[in-house]
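Participant: My request is simple: use the sequences and hints to build the entire structure.
For the record, the sequence lines run as chains A and B.
Sequential numbering of the first sequence, starting at 0, is according to numbering that gives the first Met the number 0.
Sequential numbering of the second sequence, starting at 0, is according to numbering that gives the first Met the number 0.
No lab work stands behind these hints, which were simulated from the structure alone.
Keep in mind that this is a model prediction, so the values were computed, not measured.
Mixed in with the good hints, there may be bad ones.
Chain A side only, calculated, beta carbon under 10 Å to chain B, not exhaustive [what the hints assert, rightly or not]:
#1 L43
#2 I53
#3 I63
#4 G64
#5 S140
#6 R143
#7 S241
#8 T277
The beta carbon of each residue, even a glycine, is placed where N, CA and C say it ideally should be.
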Amino acid sequence: MSTMSLTQAINAGLRQAMEDDPKVVLMGEDIGTLGGVFRVTDGLMKDFGSHRVIDTPLAESAIIGTAVGLAYRGFRPVCEIQFDGFIYPGFDQIVSQVAKLHARTHGKVRMPLTIRVPFGGGIGSPEHHSESPEAYFVHTSGLRVISPSNPQDAYTMLRQAVASDDPVLYFEPKRRYHAKGEVELNAPLAAAPRMGAALVAAPGTDVTLVAYGALVRTALDAATAAAAEGVSIEVIDLRSLSPVDYAPIMESVRRTGRLVVTHEAGKTLGMGAELAATITERCFNYLESAPVRVTGFDIPYPPSKLEKHHLPDLDRMLDGVDRALGRPNSQTGMED
Amino acid sequence: MTQTRHEPTGQAAMKMHQLITADGTRVHDELLDPFVQDVDRDTLISLYGDMVAVRRIDVEATALQRQGQLALWPPMLGQEASQVGSIHAMDQADFIFPTYRENGVAFLRGAKFPGIMGTWRGNMNTGWDPYELNMATPQIIIGSQTLHATGYAMGIAMEGKETLAMAYLGDGATSQGDVHESMVFAASFQAPVIFFCQNNHWAISEPVGLQSAVPIAGRAPGYGIPGLQVDGNDVLAVLAAVRWAAQRARTGGGPSFIEAVTYRMGPHTTADDPTRYRGVTELEEWAAKDPLARMRTHLVNAGMLDGETEAGISAAADAVAAELRDACINIPDPEPMTVFDDIYAEDHPVLDREREQYRRYLASFEGQPGAGQQVQGSAS
Numbered sequence: 000m001s002t003m004s005l006t007q008a009i010n011a012g013l014r015q016a017m018e019d020d021p022k023v024v025l026m027g028e029d030i031g032t033l034g035g036v037f038r039v040t041d042g043l044m045k046d047f048g049s050h051r052v053i054d055t056p057l058a059e060s061a062i063i064g065t066a067v068g069l070a071y072r073g074f075r076p077v078c079e080i081q082f083d084g085f086i087y088p089g090f091d092q093i094v095s096q097v098a099k100l101h102a103r104t105h106g107k108v109r110m111p112l113t114i115r116v117p118f119g120g121g122i123g124s125p126e127h128h129s130e131s132p133e134a135y136f137v138h139t140s141g142l143r144v145i146s147p148s149n150p151q152d153a154y155t156m157l158r159q160a161v162a163s164d165d166p167v168l169y170f171e172p173k174r175r176y177h178a179k180g181e182v183e184l185n186a187p188l189a190a191a192p193r194m195g196a197a198l199v200a201a202p203g204t205d206v207t208l209v210a211y212g213a214l215v216r217t218a219l220d221a222a223t224a225a226a227a228e229g230v231s232i233e234v235i236d237l238r239s240l241s242p243v244d245y246a247p248i249m250e251s252v253r254r255t256g257r258l259v260v261t262h263e264a265g266k267t268l269g270m271g272a273e274l275a276a277t278i279t280e281r282c283f284n285y286l287e288s289a290p291v292r293v294t295g296f297d298i299p300y301p302p303s304k305l306e307k308h309h310l311p312d313l314d315r316m317l318d319g320v321d322r323a324l325g326r327p328n329s330q331t332g333m334e335d
Numbered sequence: 000m001t002q003t004r005h006e007p008t009g010q011a012a013m014k015m016h017q018l019i020t021a022d023g024t025r026v027h028d029e030l031l032d033p034f035v036q037d038v039d040r041d042t043l044i045s046l047y048g049d050m051v052a053v054r055r056i057d058v059e060a061t062a063l064q065r066q067g068q069l070a071l072w073p074p075m076l077g078q079e080a081s082q083v084g085s086i087h088a089m090d091q092a093d094f095i096f097p098t099y100r101e102n103g104v105a106f107l108r109g110a111k112f113p114g115i116m117g118t119w120r121g122n123m124n125t126g127w128d129p130y131e132l133n134m135a136t137p138q139i140i141i142g143s144q145t146l147h148a149t150g151y152a153m154g155i156a157m158e159g160k161e162t163l164a165m166a167y168l169g170d171g172a173t174s175q176g177d178v179h180e181s182m183v184f185a186a187s188f189q190a191p192v193i194f195f196c197q198n199n200h201w202a203i204s205e206p207v208g209l210q211s212a213v214p215i216a217g218r219a220p221g222y223g224i225p226g227l228q229v230d231g232n233d234v235l236a237v238l239a240a241v242r243w244a245a246q247r248a249r250t251g252g253g254p255s256f257i258e259a260v261t262y263r264m265g266p267h268t269t270a271d272d273p274t275r276y277r278g279v280t281e282l283e284e285w286a287a288k289d290p291l292a293r294m295r296t297h298l299v300n301a302g303m304l305d306g307e308t309e310a311g312i313s314a315a316a317d318a319v320a321a322e323l324r325d326a327c328i329n330i331p332d333p334e335p336m337t338v339f340d341d342i343y344a345e346d347h348p349v350l351d352r353e354r355e356q357y358r359r360y361l362a363s364f365e366g367q368p369g370a371g372q373q374v375q376g377s378a379s
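Facilitator: Here it is as structure tokens:
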């Protein structure tokens, strides 16, 4: 076991993936000489060469579009989008090409791209540097969307994403980049949890709280705080946003009868909407109360001095838990 | 707003390279001549025969659309020289990234008619295995494929192979960001890629002058890519120009841009009505530059086309058309459950559940009068 930060874990995952397969190439802005603006790719150009760690011109559509061509040629490109809010120029290539080429060609052409996207807020950045665009991609058939919450998952899931024959959007919780954790670097991938698996991060009995990415840590802290008040929260780390692994969520909700979903992205048509709808469809008779969403607001990402109001924090999660439990909460008495 | 330009006017016209004029005269071109020195009578006949076949395919497919056998067809009438000349310059190992209009190219590359027609009949999104033909399937998003070709060529460069990628694009595509980004990337990484732009003068209803204030090929040097303008209705000149670009690509010369100046004589697709946006004078002008007529005149004047050969070419084209029609009308309707096929390469439990639910839904009609009609009826 090694102790490393989340960025170091991704770096180790990239290094391992490149050692495992000479067809793995990295592409992105500032990822080579600089090592990435977050230093995720630090040292990789020096060790693997500029033909495998490619500093690209500043054009996201071209980063994705040329990666499509490389994939046609048998490469496994790992693209870095520097910040969440910079992905939109590449949106067309992702949605119209990357996601659809396997189906369009009846499985003849595979698109084993990994698209790394640092996402989410809480780092005091200007506009376009703190967004949570994951739902756009979850809504797009043909893509897989994952988000690790800790260094071990960051390492393992990165390797799984690169090994996958499907395109994978890999959302990195940039607020947790410097969080350290124990990472087992040498365990065989086959022994790790599936890339698509949701995992119970903390067991509990009263409420099921589903989170992903940076908010898993917050959810775990909320569970600790609630325990002091005698409320037992089961935290589920979603890990895979597309496809969602419903089995552990359903199993949990059938025990707790209550579901809270939290994310930084806005509420409307977000992951919370999908999870609430599906769990209601499939666990209706087990639910004791309506599912609750604790999310960012349906607003453009606010200036950083206001972001603490936008981002779900421990208290807002506990307020949501109180709503699920029917305890007094901030919305008590508010008309529907 | 000023009036829309019909032709780029921002700078003096470029030199348009040509080897056979509209009246069939062979002229000399210093740059292109060396690339067609080996072209003998058989090759010329083959180029002409392929153009006749491609035109015959276009006529047949247009008729099939009018008869309700195809949902849509994008005619290539007038662009036969550009399609035939360009694909004749490619080796089998070269990889082609077409638009949706390169159905003549696909035919000459070896695509079978059930595949070519299946896309336009609505049976399938793609008609061939790209790795069998070394040709991607039709791209409908305008300009998108230029990035794929560039990325593919970057891969070739990384491997140090002496092959290339060629992207087809149209004049309208040259306004797309993807096309400009692809030229930036191609130049930066010296990718062995050919941008083969068929300037057919019309992007549905919009004239080329709206897309570009300067000749399209004149933009390429700004990216550090040589740009060549060629008569796109001159099959020999197109062949030579693409050979020129291919030689550059194969010998480490990097990307090239070719603008083949041609004309879309038909509608954008069978759903289009060009009488709403262009007049007959322009059509008559371009009819006089017809790629087949000029080649035929050239061959006849050179004593290379006798009646027997011409009859053979015509009969072969008719046979191709008959094969096309037969293949098209006999494409079986796709099975309903195939809508779920090949969305992912690996397991996807959420989609599996949808599939199972729909399978059960369809099964619920079994044994009932009119079973399955609800589903089939929606296709018409």
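Participant: Hints the structure violates: just list their numbers, smallest first.
Facilitator: Hint check: 1 fails alone, others pass.
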